[in-house]
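First to last, the sequence lines map onto chains P and Y. For what it's worth, numbering that gives the first Met the number 0 labels the leading residue of the first sequence as 0, then goes sequentially. For what it's worth, numbering that gives the first Met the number 0 labels the leading residue of the second sequence as 0, then goes sequentially.
No lab work stands behind these hints, which were simulated from the structure alone. From the three backbone atoms N, C-alpha and C, an ideal C-beta is built for every residue, glycine too.
Output of the computed footprint for chain P on chain Y, the stretches with three or more beta carbons under 8 Å from beta carbons of chain P: (1) 51–60; (2) 88–96; (3) 100–113.
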Amino acid sequence: MFFTYLRRELRRRRKAALVVASGLALGIALVIVVSSVSSGMSQAQDKVLQSLYGLGTDMTVTKAAAPPGEGDNRRRFEFDAKGDTGAEQSSDRVMVQGFQTLASSTVTQVGGQDGVAQAVGGLSLTVLKVNGEFKPGEITPPQGGGRTGQGGTGGAGGGEVRGGGAAFDVNSYTVFGTDVAAPALGPLTSSKITTGRTFKSTETDAAVAVVDSAYAKEKSLAVGKTVTISGTKFSIVGVATADSGDSAANLYIPLKKAQTLADSKDKVTTVYVKAADSQQIDSVKSAIQKNIPDTTVTTSADLAGTVSGSLSTASDLATTVGKWLSIAVLIAAFLVAGLLTSSAVSRRVREFGTLKALGWKSGRVTRQVVGEALVNGLLGGVLGIALGLGGAYLVTAISPTLTAQLGSTGGGGGLAGGGPMGGGPARQTASKALDIALTAPVSVSTIGIAVGLAVAGGLIAGGFGGWRASRLRPADALRRVE
Amino acid sequence: MYQLRGVTKRYSRGKKTVDALAGVDLTIEDGGRLVIQGPTGGGKSTLLQMLGGLDRPTRGSVEFDGVDLAQLPEARLTKVRAESIGFVFQSFNLIPTLTAQENVETALVPLGLKGAARRERAAEALGSVGLGERLGHVPGELSGGQQQRVAIARALVKRPKVLLADEPTGNLDESMRDEIMELLEGLWKEHGLTFIMVTHDSSIARRAPRLATIRKGRVTITENAAA
Ligand SMILES: Nc1ncnc2c1ncn2[C@@H]1O[C@H](COP(=O)(O)OP(=O)(O)OP(=O)(O)O)[C@@H](O)[C@H]1O
Ligand SMILES: [Mg+2]
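For reference, chain P alone in the conformation it holds in the complex (with noise of 0.2 Å):
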C-alpha cells in the first residue's frame, strides 16, 4: 500500500510536489553551480602560479629581501664612445632578475631538509638588446630631446645616457637557465614541447635552447635554427607551448650557460622545491626558513594571496557571496518545502484523521507523508542537478575571461624572482597579466553534495510534514475543513 499510495499521490498532485521540488532544485543548483565555478576560479589560479612555477612545485626559495637601497649593483648601458657619426651601435646586457642570488649551495643544503623530496635551482635573466644610433655633438639639456632607453637607469639621479637626438630601439627578453638533469621540475614544466626535443641530461653546458612558442613566432624562430644571446650563438632544439598561454620565460636554456652569460658563476636566482609531503608544506617553509638564513620561502598559498585582477576579484566574490547566497537560498528553500509540505498535511488533516479512524497507526501516516516527501526531495534534487549541470555548462561554453595580476601589489617580497627593486625593468616582469579563460567544472564529489542536500531536503519537509501529521487525532476524520 505504501507505494501505491505514495505514486497515486505524487501523480495526482503533481503540482504541489513540483512546487516543493522547485525551490529544492533552485537551492541544489544554485550550490552546484556556485562551487563549480569557484573550483574553475582556484584552477584558473592553480595555471597563473604554474605559469611563473611550473607543475609540481610546492615553494620557492628566494633570496632574503635586502634594504632597498643597499648596496645594490644597478647597471646602465655603456656605449663605447666611438665617435663615428651615425654608425650604429648595439649592446646586449644580460640581467639577474632581480638582482639577487644564491649560492648553488644553497641548492643541495634546501635538498637536505627533512621533507623536501627535491630541490632544483634556476637563474631567471633579463637580457636587454639596444641597438642605437648617436648624431654627434649634440648635447641637448634633459627636458628636450628624445626617448632614452625606458629601462635600466631609470629614476637613478646622474649619469643616465640623455643622448639627444639619439635615436634607440630597446628589446628585452627572458633566459631561464633549468637544470638538464632534472627536467620534473621547475618553470619549462608547465610548458609542452610541441616540436623538437627538451634539454638531454648530458647538456649541462650545451650551447641548446628551447624556446617558447609565442616569442617564436614573434621572432621566426624555430627548431635548427640558432638564437644569439649576448654574442653566444644557440641552436634551438625544441618549440614549447606553455599551457596557461604565458610561458615563463621567453628562451630556456641550460643553468650553466646562464650562469655562464650572466657572469653569475654557481648562483641562481630561485630554488625550486617539491615537499614530499603536500599536507607539510607549511612546516617544510618553516625548516628551509630557520636552517637557511637569508632566504625566502614563498609557498603556493602566499603566492595566491598576490594575485589580484578579475579573477581574484570573481574568485573573492565566489568564495564569499557565492557561497553565502547558495546557504540562503537553501535554507530559504529548505523552509519553503517545509512549509509547503506541512500546509499540505493540514489540507488533508480528514484524509490523514480517516486512516487513523480506520485502525492505521500513527507511525504509519507518518511514514506515508515523509515518504511523500523524501521523493519530492529527490526530484528536486534530480531538477537541481540537471539545473545545475546546464549552469555550469553555460558557464564553461560562455568561458568569460578573467585577467589575473600577479605581484603587481604589495612591493616585491615573496615573489619568484622577486626581491629589491629600486625600478627598472626587472619589476616588470615579476609582475606578470595573465588572461584566463573561466570554466565550472562540476565534480563528483559536488553531485554527492547535490544528492546529499536532495535528501537532507525532503527529510526536512518531512520531518515537518510528519510531526504535524503525527499529531493529528482520529477524531480528526469527523473535521468539517475544505
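With chain P held as given, fit chain Y with the ligands onto it using these hints.
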C-alpha cells in the same frame, strides 16, 4: 456490546467550555440497531466518536465487549478500531487519489493483509455494494451515492462487530438516500452486526425500533415496539 456510564465530554475553546456530552448512560445490545437523532450541536457526532474509540471521554467509561475504551492505551485502541469498528461518514471521507478498490484496501492494511488477498477481498466488498464494475475509478469519477457505497464497502470489508454511521445520507439527494438506506439495512440483516446511525431524517427515525434523542448532551431513549 456497549455499556456507557456517566460519559461526559467537555470541549474548551479558549475560556468557553461546552459539555458536548453531559453524563450519558447507555446500553446497546449485541446485534442491536440504534438510531440517534437530535438538534444540531446536540452531541450526536461526539457520542459516535466515543463509541468508535476515535476520542476519549473527559469523564465516565465506555465499555466495549468488556473493556473500557476510555482507559485503553492508544495502541490497543487503534487495534480495536482496525478490527472491530466500521465507520461511514457524512462526507464519505475517501482518499481522493486512490481508486475505489484501493480505498477499500486501506481498511485491510492494519490487519496485515497483503497483496492479492487484500485486493480480492476489496473487490468482493465492492461487488456486494453493487460497484463490481467500478474498481479502478477514483472518487472524483463516481457519483455521491457511489462514493458512499465505496465508503460502506470500506467499513464492512474488515467484517467489524459494529457499524457506526454519522449521517450517511446527509450529503445525498433523495433518490440516493433511499438507495443507501436500503443497502445499509440489508447489510445489517445479512451480517448480524450492531448498527448505530446518526440521522436527521425523521422518517427513518420514526421507523427505528430504538431511538436515542440527544439534546444538550443528554440522551433520552424511545423504544418503538411497533417498528
Ligand atoms: N473539537 C471540538 N472542539 C470544541 N467544541 C466542539 C468540538 N467538537 C464538537 N464541539 C462542540 O460540541 C457540541 C456537540 O457537537 P457535535 O458535533 O457532537 O454535534 P452534532 O449533534 O453532531 O451536531 P450536527 O448535527 O451539527 O452534526 C457542539 O456545541 C460543538 O460546537
Ligand atoms: Mg454531527
